[in-house]
Amino acid sequence: MNVITNNNIKCTIALAALENVVDPEIGLNVIDLGLIYQLDFDFAKKKIYVTMTLTTQFCPMGESITGAIKRVLENTFIGEVVLLELVFDPPWSFERISEEGQEYLNR
Amino acid sequence: MFAAVNTGTMVKNTTHKVVLPFYLYAALSLLAGTIILFFSARSFTYHYFHPHILAIIHIMALGWGTMIILGASHQLVPVLIEKSLYSTRLAYASFILAAIGIPLLVYGFYVFNMGWPAKWGGRFVLLAVLCYVINLYKSLSKSKTKNVHAFFVLTSSLWLLLTVVFGLALVYNFNISFLPKESITYLPLHAHTGVIGWFLLLVTGVGSRLIPMFLISKYKNEKLLWVVYALINGGLLSFVILFLFIPGRSFLLIPVIAVLFALVLFGYYCYESFKLRIRKQVDEQMKTSLLSVLMMAMPLIFLISVAGWLFADKMNERMVLIYGFIIFFGWITAIIFGMTFKTLPFIVWNNVYHDKAGLGKTPNPKELFNNNLFVGMVLIYLAGFILFIIGASFAQAAMLNIAAVLLIIAATLYNWNVIKVLSHKPQKNECNYQ
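These protein sequences, in sequence, are chains L and X.
So my numbering is basically just the index in the first sequence, starting at one, shifted up by 10.
So my numbering is basically just the index in the second sequence, starting at one, shifted up by 201.
It is worth saying that the hints were derived from the structure and are not from the lab.
Note that CB positions come from ideal geometry on N, CA and C, so glycine has one too.
Treat the hints loosely; a few may be bogus.
Covered by chain X, per the in silico footprint, the following chain L stretches (three or more residues, Cβ under 8 Å) [what the hints assert, rightly or not]:
(1) 13–26
(2) 29–41
(3) 63–71
Incomplete in silico selection of chain L near chain X, CB under 7 Å [said to hold, decoys possible]:
(4) Gln48
(5) Phe51
(6) Ser108
(7) Leu115
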């Protein structure tokens, strides 16, 4: 998974937590789907910046997924504020699905 | 630009409060339609222009097919046009007007009172469709995306409007003869603008978006869909012109071939989407939807048979009846069965769990309905459907009654599952609320 970050340790913890956020239709978590583009941590301001995408701009489950990501990160990093930005450039593509994700879909 | 959740570029879903009443109304209409079918099964051994058959056709076409499609399209239009719905008030108005108009119209047909029940029913339905078309047009005009699916949806709504206007004109023509011929003469025109222009165009337009989406398929072919669009609309327009202005029936094969070719291309599109799917497992609901794509060919085969009779000037009314039955109880019902349980659980799940996702374990949307019940419903429905066709073909009243009972059972199971989804509440052991 290609997630850009300014803090590898915190990013690893965040990604592990985000594996619990699953797209209900596809049945894959947001990490294996490759929805997260960037995770930055601001120590001074106690803020987490998430740059992410959805499989389509008009994904009917979009609000649930973004809300769940925010809640999971806020529960993992208590006291930090999560700021989330949805981007569709570059758009999500099937190539972003991880090997584990592809194995799951090929079952 | 970062914000708490910056979803400025994300399309907002239509509220479930608008969509769900359409689903419930449609489910109850299916049950009512199958019950009327049971009490009127014998009429399927007579001519198709029978009050009870007109009532059944209209409850199936409007109460079942159109209501669920209107509900689903209020939810799906934002997905198709990549813009939020223009007005929820217009959507509510559309539901209320249709909900009042359909029973009036069906009652008018059942007792064959072309006076106030049919007229007021038709007027309410027309106003409901007008609200829908305005809402759709306004939503589309806001959208920068002009994709092929949006054209399918808008054009189909215009065919629906034309069908309803023409239907109301036929009701009036029973009392005040203002059309050159009797209303019964125009029934094929009214029926085909509805079936081809509204149902087929919408189903192909929406299906071509949803089938690859649910299969998670890499296949895209917008050019092919434009050809399908042109063939269906061209075929139907030529049918209208030929029917109204060209005497004789031999040319009517032209629109049939155009629509048949469109169906073959759409079938090819679905097959390619299936072949290039990322997710290998296909659930029962998608299988039913794909089955309904195959079932599209059945009315066409019958239409060609009926056309054969037309050339021979030996109108076979029973064949026309079976043709109509296959369309409404076969193809349209199959696609709705499949798509209901692909869309409804997600709409309800989104409402119940959208602010709880990520806080703990939540059920999968597929767990909101009983899949075994769904499979049982499909099998019973298929048995009833096939038995009814055999019964109608050989004018066997007893067989028609048994088939109608099977269809009532299937409709009851469908209602059971729909109500189960609609009444879903989070269980105590789900979600660790903060």
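Hint-by-hint comparison with the structure:
no., hint, result
1, 13–26, "violated (count 0)"
2, 29–41, "holds (count 6)"
3, 63–71, "holds (count 7)"
4, Gln48, "violated (11 Å)"
5, Phe51, "violated (13 Å)"
6, Ser108, "violated (13 Å)"
7, Leu115, "holds (5 Å)"
Of the numbered hints stated above, those contradicted by the structure are hints 1, 4, 5, 6, listed in ascending order.
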